[in-house]
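Colleague: Given only the sequences and the hints, what does the whole structure look like? Please build it.
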Amino acid sequence: MNTPVSGKVFEVANGLHARSANDDGIADGDELLVADNVSLSFGGVKAIQNIGFDILKGEIRAIIGPNGAGKTSMLNVINGFYHPQEGTITFKGEKRSKIRPYMAASQGISRTFQNVALFNGMTTLDNIMAGRTLKMHRNFFWQMFRHGPALNEEIEHRRAVEEIIDFLEIEAIRKTPVGQLPYGLQKRVELGRALAAEPTLLLLDEPMAGMNLEEKEDMSRFILDVNSQLGTTIALIEHDMGVVMDLADRVVVLDYGKKIADGLPTEVQKDQNVIDAYLGVPH
Amino acid sequence: MFYREAGQYKTNYIADSAIFPILQDRIAIAGFLAIAFVIIPYFGNDFFINSMMIPFLIFSLAAIGLNILTGYTGQISLGTGAFMGVGAYACYKMTSIFPDVNIMIPIVLSGFFSAGVGMIFGLPSLRIKGFYLIVTTLAAQFFLEWCFIRVAWLYNYNDSGAIEVPQRELLGWIVTGASATPTTRYLVVLSVVVAMTWVASNIIHGRIGRSWMMIRDMDIAAELMGVRPLFAKLSAFAVSSFYCGVAGAMMVFFWLGAAEVESFDVNHSFLILFMVILGGLGSLLGSFLGAAFIWMLPIIIRAVPDIIGLNINAATVEHINFMIIGGLIIFFLIIEPHGLARLWAIAKQKLRVWPFPY
Amino acid sequence: MDLLYNVFVDPFAQMAALPDFLLQVLWEGFVSGTLYALIALGFVLIFKASGVFNFAQGIMVVFAALSLVGLHALGVPAILALILALAIMGVLAFSVERLVLRHLVNQPDIILFMSTIGLTYFLIGLGELIFGGEPKSMITSELGLPTGSTTFEIFDGILILQHIDIAAAVIAAILVIGLGIFFSRTRIGRALRAVADDHQAALSVGISLNQIWAIVWFAAGIVALATGIMWGARSDVSFALQIVALKALPVLIIGGFTSIPGAIIGGLIIGFGEKIFEVYWGGLLGGGVEGWFAYVIALIFLLFRPQGLFGEKIIERI
Amino acid sequence: MTQAGASLDTFPKYLLHNAERFANRDAMRHKDFGIWQCWSWAEQLTEVRAFSIGLQTLGIKEGDKVAVVGNNRPRLYWTFAAVQAIGGVPVPVYSDSVAEEMAYVLNHAEVVLAVVEDQEQVDKLLSISDETKSLKQIIYDEERGLRDYDHTHLHAYSAVRQIGLARLSEGPDVERGWLESIGRRSGKDLGVMLYTSGTTGRPKGVMLSNDNLVKSALNANKFDRLSENETTIAYLPLAWVGDHVFSYSQSYTAGFCVSCPESQDTVYSDRREIAPTYFFAPPRVFEVMLTQIMVRMEDAGAFKRKLFNYFLDHARKVGENMLDGEKVGLADRLKYYLGEFVIYGPLKNGMGLSKLRVGYTAGEAIGPELFSFYRSIGLNLKQLYGQTEACVYVTAQPDGAIRSDTVGMPSPGVEIRIEENGEIMYKSDGTFMGYFKNDEATRETKTEDGWVHTGDAGFFDADGQLKIIDRAKDVGKLKSGALFAPKYIENTLKFFPNIKEAVAFGDGREYCAAFLNIDLESVGNWAERNNISYGSYQELAAHPQVYKMMREHVDATNRRLAKEPMMAGAQVHRFLVLHKELDADDGELTRTLKVRRSFIADRYGDLIEALYDGSKERFVETEVIFEDGRKGKISATVIIADAEVYEAAEEPMKEAAE
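For the record, the sequence lines run as chains A, B, C and D.
The numbering used here numbers the first residue of the first sequence as 1 and each following residue consecutively.
The numbering used here numbers the first residue of the second sequence as 284 and each following residue consecutively.
The numbering used here numbers the first residue of the third sequence as 642 and each following residue consecutively.
The numbering used here numbers the first residue of the fourth sequence as 960 and each following residue consecutively.
Since the hints were derived computationally from the structure, they do not count as laboratory data.
The structure presented is a predicted model; accordingly, all values stated were derived computationally and were not measured.
Careful: at least some of the hints might be erroneous.
Said to hold, decoys possible - Once the Cα atoms are required to be at most 30 Å apart in a straight line, the calculated BS3-like pairs of lysine-lysine come out as: (1) D:Lys-1294 <-> B:Lys-631; (2) A:Lys-175 <-> B:Lys-376; (3) D:Lys-1265 <-> B:Lys-631; (4) A:Lys-135 <-> B:Lys-412; (5) A:Lys-175 <-> B:Lys-631; (6) D:Lys-1092 <-> D:Lys-1020; (7) B:Lys-412 <-> A:Lys-98; (8) A:Lys-175 <-> D:Lys-1314; (9) B:Lys-293 <-> A:Lys-135; (10) B:Lys-633 <-> D:Lys-1276; (11) D:Lys-1405 <-> D:Lys-1386; (12) D:Lys-1092 <-> B:Lys-631; (13) D:Lys-1386 <-> D:Lys-1438; (14) D:Lys-1181 <-> D:Lys-1314; (15) A:Lys-175 <-> B:Lys-293; (16) B:Lys-293 <-> D:Lys-1314.
Stated by the list, open to error - Here's a subset of chain A near chain B, in silico, CB distances under 7 Å, partners left out: (17) Gly-148; (18) Ala-150; (19) Ile-155; (20) Ile-275.
What the hints assert, rightly or not - Covered by chain B, per the in silico footprint, the following chain A stretches (three or more residues, Cβ under 8 Å): (21) 25 to 36; (22) 93 to 104; (23) 124 to 132.
In this text, a Cβ means the ideal position worked out from N, Cα and C, and glycines have one as well.
Modeller: Structure follows, in structure tokens:
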């Protein structure tokens, strides 16, 4: 387990950033999310079959497996894009039935996508601002005049966004439209956007896909920092076993929609089922 | 070349996120406003004001409305003409029912009627996208057109089937009806357009505008960030229709003086859409540029044969105009899908980095 | 109560009372449905093969008919004019591919769609410039199409069938069958279908995307010409047709964007529906409901069955 | 605050004074979190006071040395005043120096506490904690990544500041005590210790008294009429005397605002936002800016290029005269104004120098063309000659008497004399107290009566301006007896933008020969335009085409040297293009990017030999240190080329006058 942390999010004086991670009354190490016997199919294709696992508060949980193992589908179930035909997801102790993604977001689940899904027409700054949508509430009237509360709110959140920019060291591209950025930076901006929501649970879908070594190192450092400094629980999908071994506290392995192993990275690495699965589909 | 940005540093976020952060831009805007409010009323002749400036401004406002929906939220609409009609008829009914109320009140309120109708026809946008939405908005267009003809109550059971604008005063000035001078009407229209442009710009740069753009750029990610598609899309429909409605009301009250259903037909929807495409999707400035271009082009095309001494009949000019506009739409979509506004932005960027190429 | 009576009882009473009239209405609906279906067919052809939502299909109908009539007016014999009109549609298809589509490959669908709106405007201007804006009569008899009508006595009344309408239905059927054969039996047809599924697959068949686009546009042009002749024979050839042609859009919503049978059934549903609604219920609303009936039906479909009758269910993958 | 008014001889006193007279004027700006955070003098006082008392609470007392390590950040500048206020001595250390260098300085200076920028510096200090026994505590500014460190000897700046604030709230005594402590200090006391990077041997700690700095700063302010209205951007190393004087001493004495950039990567754009009125940069910075301008113009359209060249030609013609206020014809004047609008203005705007009032370049000779370029477009760029030991100012050019080949007249309060061997000696208010714990070196440098050896050779020209030839010890003679001033030759070579660095040899040899370093940006661009492909620096440097171009440059240099009777004897007979860039990390350049000639002579002995033994090429293997600190070897076969040598121009015949 990475060092449990309490206290402030970023080193800033204005006390803006209430830590959503601590609001839910779940202590570090307790179950934050439990997937119980989840099954999902599209038409006749079974994407996920009877998968159950848990994510503990404060840990980095890796979900690995060969292509088509159902990893991304699992994330999509967790944040409400897909509704499983069977099984339940319990988040923060609450069993949930069908929810929409924006409801998952408001419960504190944020994520990044396998293929960067940024808002290409907007700048880095606006993209990260977009991550704070849920935290902004000023009504239409004030928005119309961009004065008073609406402006104050905008400024307040801009400040919070700047902290993330500082955290991710992307000052130089603050006002660049994200479409013009290289892939590695886009991934970083996407992480920034997810962080801006101050999630309790952060889902990262192959955060290092397509990156070079240096970018991977940077990204690993950011992920660890997010986990240790902000206390955010992280579930990540990753192909690079080296990265998983370095980052993850616990690993769950999927293959053909089924769970084949679950445990500490070192245990999983030695598991015969896992070795077979990976040998079968070389990476 | 004109930009001297060195030394313009921002010490707070309000200044940094200002809509015109560069001093020279603010000066230019002030200059344009001065020309619009002072020079044009003072020097412009009636033809210029009545046939060019007033319709240009009104169409700009409608184009802003459509741009909010199409350019900022990514929802395409072919019902703009009808939504303008809703505003016009609503305004007409209100002035008939409450003749003593200050004319600006029904003008603005008419936008709310339009917004309401827009939201109803926007409802299907929650389930459908793209081309499907075209059909929805066409449904609105044709259904509303039918209403404008068949619901005689809307035009006070006139035999002509047209709505005619009564004379109304504002602060002692006659602003509508036959005796209102073009300059007066122009100034009223200009004030409304400037104010509403400012409001539109505020909304777009705020949380709500951002949620529209999120939906436009990547609706899945937007939902994940907590944007409720229902709210974002309907609010875009509402605001968009509001702008179109006010534009429609002003079109009748401050420009045409009288109108029938033809003023709000599907061709007007196309006209506004062309303004938005040529001007630039997702740009307020583009709405103005597009309106100016589409509106002024025929006038220029009509004038050109005269100037060079050719005698071409009006119908031919009209046809050529169609061809040119159609051709330009395709040309722009190929060469610069972001329209005149992007060309402007590129030119501005060139000026900012002058004499360097980048 | 009156209203309820007028809505729920009276129309059916009328239908029962005058079954011959009902039949006549249904026939009219069938014919206009056929024409909607033909226009929709043009849309489907292009949409299926290139994913382009061709807003200009309506003006292509007008343009084709105008070319035919215009050429004939210049003294060209009807059959030659027909062939030349076909050639014009071919040139148009080729030009569109060359000048427009080729430059917009890989652009978002919406851009392609808007370019066809631009094309529509261009063709309106061009058509009016060349042929003038006033309505013209179709050269029905010169083309050897039947012009008379047959009257049947039935249900104590009469049913009048215009021969041209029958011809329209037959030609529509021939076109549909012909296209069906084309798509399933010919190499190019199969390639066209392949391209709808997968551009790469089409390329592997050895046909370039550009060729395919030109071909489908030409095919749509042929359909447009046929539609134009039929429609022109029933009313006049005028630009107003362009707006009517937009009704193909609701047809597509109902039938599904990619289905040829869907286009036909959708067209018929709209045709029947709007005629019956106009005749039996339109009066209640003051008439003229044909203008929007199709769209409202489409709207209802959109709300409850967005993929249409024959379209594939859209599963959004992330 | 009466103590302050009494005698303004220390910076804390100036701080108190400024907090009164300029209470609401900006004293410091820092781009942080996307905007320029500002502190007025009053706020700056509050900050300094809080931190200073915090330091006191941590046990810092009079005479304690406090290291300051990091980039230009407000809190590090505040540390200077905070330490001085309680009688300590700040010792700024180059933040890019490697651990062993830093360990030496910290040990030598007996530093007890270090205030550093971030985790990187903390890690560095912790890695040498075994060797630095005197260092007891570390304070860091940027908290990121340091949360989980053992905080027994480690403090966050903000925490120390909080301690200070808490102490202050205990009662007025605390503040009174602090003010008294400021009052106790005087101008005679040691103000700051700066370690010179030193071309040879270990760095030496230059002790500068408060008087040294205050008086030099006041003199300089007066010389250039600097007031509280100036604005500058602090981007040069904190540990360098120039920055200490420009961004600290002069700011405090004149009351102007200093702006700190967001990061090292954004200096360029941040400078543009701030638009300094008072700006210092070594020639290299100006060179880079000009190269960038030229490279970007290469890509511009033909019309723009034409316009650009046209107006720059005009500027070359009249620009400097206009700047110096000389008479220029009306037509030329109008054309220049037009040029100002079309080209010069935008160029200055692009560089962020639109508002520049006084600009200085020093540290090395600047190419005359480079220098005139900036002046001709209306920038008041001047040269100065200075040293750490003099608190910078030895000579400076007054407005209106600017020349590219001199370094100006003695600064106010400076006396200069030239020794018989050509060495320049000076004596001034800024003359340092001595080297810390190195009396021997002090004696070598500073005479009993206060004259300081500069180590540079030079002479005063007819206008009374000082002209530097070279390091006194580097000026040598060829076997023929002709004068060999390597730096002069190197600078002539470096006028060509394609040549980034040059090292000339010849002392005691038959003839003069040189190493060249290509400018990758400039030559790379040229290669791209000429379709020359290359895979690496090394490959480009050895390319025959590049050699051809270099030969042309050497030729031109020789023609130029031939025109000057004094230098004609030392034309470059042979040269080679080095296979690697001279690099400070490899010790080939100093931290201020000056060539370390003797080091290079040792390292590339083989190559030098090859220059003189007539060989056509030579294989060499060179050890390099990569950015991540790993060591490696690169090898190459370096080609040696011959150059044309020209007849010396005849001594112009003295006209039989009258």
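Colleague: So, for every hint listed, does it hold in this structure?
Modeller: Hint by hint, here is what the structure shows:
no., hint, result
1, D:Lys-1294 <-> B:Lys-631, "holds, 25 Å"
2, A:Lys-175 <-> B:Lys-376, "violated, 48 Å"
3, D:Lys-1265 <-> B:Lys-631, "holds, 21 Å"
4, A:Lys-135 <-> B:Lys-412, "holds, 28 Å"
5, A:Lys-175 <-> B:Lys-631, "holds, 17 Å"
6, D:Lys-1092 <-> D:Lys-1020, "holds, 18 Å"
7, B:Lys-412 <-> A:Lys-98, "holds, 23 Å"
8, A:Lys-175 <-> D:Lys-1314, "holds, 25 Å"
9, B:Lys-293 <-> A:Lys-135, "holds, 25 Å"
10, B:Lys-633 <-> D:Lys-1276, "holds, 28 Å"
11, D:Lys-1405 <-> D:Lys-1386, "holds, 9 Å"
12, D:Lys-1092 <-> B:Lys-631, "violated, 60 Å"
13, D:Lys-1386 <-> D:Lys-1438, "violated, 36 Å"
14, D:Lys-1181 <-> D:Lys-1314, "holds, 20 Å"
15, A:Lys-175 <-> B:Lys-293, "holds, 14 Å"
16, B:Lys-293 <-> D:Lys-1314, "holds, 17 Å"
17, Gly-148, "violated, 12 Å"
18, Ala-150, "holds, 6 Å"
19, Ile-155, "holds, 5 Å"
20, Ile-275, "violated, 35 Å"
21, 25 to 36, "violated (count 0)"
22, 93 to 104, "holds (count 4)"
23, 124 to 132, "holds (count 4)"
Checked against the numbered hints given earlier, the structure breaks hints 2, 12, 13, 17, 20 and 21 and satisfies all the rest.
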